[in-house]
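Protein chains: 2
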Amino acid sequence: MSNNKPSINAERLWRRLMQMAQIGATEAGGCNRQALTDEDAAGRALFMTWCKDAGCDIRLDAIGNIFARRPGRDASAAPVMTGSHLDTQPTGGKFDGIYGVLAGLEVVETLNDHGIETDHPVEVVVWTNEEGSRFDTAMMGSAVWSGAMPLAKAYQLKDLQGTSVESELQRIGQLGPDLPRQPVHAAFELHIEQGPILETENLEVGVVTGVQHMCRYRIKICGQETHAGPSPMSLRRDPMMAVSQILGELYQLADKHAPDSRVTIGYIHAEPGSPNTVPGEVVFTADLRHPDGEQYQTMLAQCESSVAMACEAFNLEGEAGLIWEAPGVSFDCECIAAVKKAVENRQYPAKEMISGAGHDACNIAAVAPISMIFIPCEGGLSHNEAENIRPDHATAGANILLDAILERSLAQPG
Amino acid sequence: MSNNKPSINAERLWRRLMQMAQIGATEAGGCNRQALTDEDAAGRALFMTWCKDAGCDIRLDAIGNIFARRPGRDASAAPVMTGSHLDTQPTGGKFDGIYGVLAGLEVVETLNDHGIETDHPVEVVVWTNEEGSRFDTAMMGSAVWSGAMPLAKAYQLKDLQGTSVESELQRIGQLGPDLPRQPVHAAFELHIEQGPILETENLEVGVVTGVQHMCRYRIKICGQETHAGPSPMSLRRDPMMAVSQILGELYQLADKHAPDSRVTIGYIHAEPGSPNTVPGEVVFTADLRHPDGEQYQTMLAQCESSVAMACEAFNLEGEAGLIWEAPGVSFDCECIAAVKKAVENRQYPAKEMISGAGHDACNIAAVAPISMIFIPCEGGLSHNEAENIRPDHATAGANILLDAILERSLAQPG
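Just so you know, the protein sequences line up as chains V and B, in that order.
As numbered in the working numbering, residues 1 to 414 make up the first sequence, in order.
As numbered in the working numbering, residues 1 to 414 make up the second sequence, in order.
Derived from the structure by calculation, the hints contain no laboratory data.
Honestly, I wouldn't trust all of these hints.
Note that the list lumps identical chains together, so a pair holds whenever it fits in one copy or between two copies.
Claimed, not checked - SDA-like mimics (lysine to any residue), calculated; alpha carbons at most 20 Å apart, straight line:
#	residue 1	residue 2
1	340	175
2	52	71
3	220	320
4	5	161
5	153	62
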């Protein structure tokens, strides 16, 4: 690379982010552009218009993923891919997913502006239904593309009104041909962090080396429903006593495996739920996460033994059912190296980190070399209409993406 | 009393209990005879028929309490009163309340059978709407009678269909005149324990010396809703972490004030209740009870300080709102002595105890000398269609009631 290193056009990127945000804009300043709705169709159309104007070839696949390709010098070379998603939560923000897609387009525009030819094609991708809020499977488009989910199964997913993915793809004209997946040379997904680490540590870029292991338990403890007054504590079979002990032990588990552990109790219900009745049953969920496989497995084993021991101690029946699990992902070393090199060259304050949430990159990682780049978001807030990022951070992340793509899309000198 | 001590007719008492249980009988073997329904009206009618046949004078008051009086030698003397309630929970049992009423009637029948004259009249009372399940005020009839609740306020109570107490009293013909409360010489309420203590200790009778202090807190802890994955534990403001600590401390509080303390967490809700979202808010109830006033007050203070300290420790907003409180009641010494004497004479295995639940006797205690008698119920189960008692226990309790009433309704020798 020359000393006159190209940089992205910050104003154009921000303007397009704001323009896209008008489609499905909510009164509270967020976006409601759920997968395969009219709003999603309008967002896709705007994106494709921009891509065509930028000289890209556009292709849809059978699950509606959009591939916008800027050709390289070598027509037979596998592309360097980047992208994310344009769909939002019902009360989503302007940046979750969208930023990664439009920063990819901004990289293409910047290459055009500077007349830079790459050896490998550069492909900007929009993955269908990442949020999984309308059709209940998150990261659906990348799952079908990578082979993790059969196309026929995705087609049959229905929203609450009973409308299927397949019929909605047809209705909005986004159902492409079912062709075999093409090889990918390298891939990057740029995303807002959706957590508070970068902001708290005053950093501008996260070099994301993987995604943590995560799972969800549904824990059910059964005892004996009885009147709150007459029953002595020693004669009760109160599931809430066990829950109290288990919760304490789960948070201790988080401490023991700090700082990378995550323990979340998001749901809890006592049955019958009457203030003056000892509950007969308590159900709660425990979401456990850790980037280190061994520590993660220890956490799961300890959680299960906590439940078993509390039930024994309080003479209760209980079970800890593992209802969902997503194994951790380690991203590609060469992709991570390209991002690290870009961060060092640009001298942005940065750190290596693990993603706490799942992304399309998790599916892609199974079949292609990929890594991710994070930028801070305000207060770590996401899946919220108040989601916000700083324009200078948006610029920083897109410049890192530009450099990393250039690094991986030019033939190695030699 | 002579050596030929009269005893109640066990067969008649049990037969009447079973006959009353047919009114509003449920398939699961319980009763649904909620206050002021057609079923309650039928139960009242059956009771009044029996009372008339036993020679009682029957009077209704303005809130539908039924007073069935067996005259004494001294027409001007205040009555010895006994009774309880005939209404049930929607899925109630055959004995809660009903046993006390029909045992009172059985005492009258026994006095008749043996031609025993008392100095004071003996009055069997049915208190209206003790359960508070249809009209949401438990112990309503005794509250109005004792002056704890204004009649006009009770009249305006409505069920879920919007029907008022007053209109239902009129409809079923149970609205009597609003006359001043007459003095009471002594009173007894015989009831099933609704707890497991007597059964566990293999006892037949509880000499109830009072009712514990009780209250209900609604505790609300607010933090910051956030994604379960990306947010490090140390940066979370997770109300569930505070709840975990508070629950542990509340159960420790119960231990510290054992064996008479009661701590019940019957309701808990995390908002928004999504397994992979750190809750923004958790609300739960804490029902605290203790018979000793000082220890009870310590428990309340400790509960409030637990909430405050946990909120401070975890950087959360929280409040412990006292939403209901019923001060403890100490029953009348002479009434308690009469029950104790009866238990000693009959040589039933018995113990002094405190009632864990509220009863009509709590209201009566404010204006008249009263105490209670408990008999065991199977597994401590009540407010349940499976509620059950042993016939020999039913007999034992009614004999104690008979002796205690006799003790207090005869003029002191001298």
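For each hint, the structure was consulted:
1. Within a single copy, residue 340 and residue 175 get their C-alpha atoms no closer than 37 Å, and across copies no closer than 85 Å, so neither meets the 20 Å cut-off.
2. With identical chains, the CA atoms of residue 52 and residue 71 are at most 20 Å apart within one copy only, with a shortest distance of 13 Å there and 103 Å across copies.
3. Only within a single protomer do residue 220 and residue 320 lie at most 20 Å apart by alpha-carbon distance; the minimum there is 7 Å, versus 27 Å between protomers.
4. For the identical chains of this complex, residue 5 and residue 161 are neighbours neither inside a copy (51 Å) nor across copies (76 Å), given an alpha-carbon limit of 20 Å.
5. Taking the closest pair of Cα atoms, residue 153 and residue 62 come within 20 Å of each other only inside a single copy of the chain (12 Å); across copies the shortest separation is 68 Å, beyond that limit.
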